[in-house]
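Engineer: Work the whole structure out from these sequences, hints included.
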Amino acid sequence: MKEVIVKTSGKTYPIYIESGIFNRLPDICQENYSGKKLAVVTDNNVYNIYGKTFVKKLEQKGFFVIPIIFEAGEKNKNLVTLTSIYDALAEHAFTRSDIVVALGGGVTGDMAGLAAATFLRGMGYIQIPSTLLAMVDSSIGGKVAVDLPQGKNLIGAFYQPDSVYTDPMLLETINDRCFSDGMAELLKHGFIKDISLYEKLVNNEYDRKSLSENLDEYISVSCNIKRSIVEEDEKDNGIRQLLNFGHTIGHAIERVQNFSGLSHGEAIAIGMIFITKLTESMGLTEKGEAEKIIKALKKYKLPITWPELNIADVVKAIALDKKNRSGRITLACIERIGHGRLIEIELKELEDKIYGILED
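For the sequence shown, our numbering gives the first residue as 1, with consecutive numbering after it.
Any given hint might turn out to be false.
Claimed, not checked - Pairs of lysine-lysine residues, derived as BS3-like cross-links and limited to a Cα-Cα distance of at most 25 Å, are as follows: (1) 295 x 353; (2) 200 x 298; (3) 11 x 37; (4) 11 x 36; (5) 36 x 56; (6) 11 x 235.
I should point out that these hints are in silico values taken from the structure, not numbers from a laboratory.
Structural biologist: Rendered as structure tokens:
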């Protein structure tokens, strides 16, 4: 088992990474959690594959368990679904000593975490990520949120889990597109912070089966990269914004497509490419780095070309980004692979630069 300890101002908690740990979680919960009630928040897909059996095993350990199931997809990460979680917790008289269990990908973790952060002004919750993206990114660091029609993650909080249990074996049931989604975030950590991770990923032949044999190591390295950044800047006021590399444009693309076009990882891949082209044109990034990023993303079957979208719509969506301050926005970029940096740019200049890159 690999263990990553995250130490923030409000809480210290472990991330356990081990193949097969999911099957032992009912015993682990019985040994470690005093609450008698568990709310397992999950989407319909994950519930059918893992959730039903998991709930039964928890019940066999003496827990009162309620499954809270929603329809899978980013489009359902909203206030309607969040309210349904609140209703279930209230109906079954959950208390602060009871536990919310997030079993699923990033959408599930975000909503379950926000529910735990706000119901009764805070109750315990644990993360059991079931996608690669959630394992290397969204389950770590305490960002929890839901979307509004106007944009992504506009209602949220910082609320750390009690623990994270990461089982790479759960990835055996996700499709190749979902796996590539997670590789976008894994590569991102290499781009901004760890050239060694980047080199390992680009120099190995991409074969999902062989990659999976070393996946616990890659997940551990990625978790440690995010841990080090979160510990330095938990509330996203400085260096943590490096983790948004590609996200300013990526989130805007997702919003314009109404969360039904490119997946999160695919949109972030496009964002990383175009931000790097932009900063190369400004002399802030070494020439040729965008091509390296394109090559790496293409290797892991991620898109590398701009989707057919109205640029004005994308820029309008960027204006709603949380990092927008009076018409100026903080962008995460890289000086070169393995070395991230933050810059400030006027929204109008960003719009002009995007148009210029697309016209080349």
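Engineer: Which hint numbers doesn't this structure obey?
Structural biologist: No hint contradicted; all consistent.
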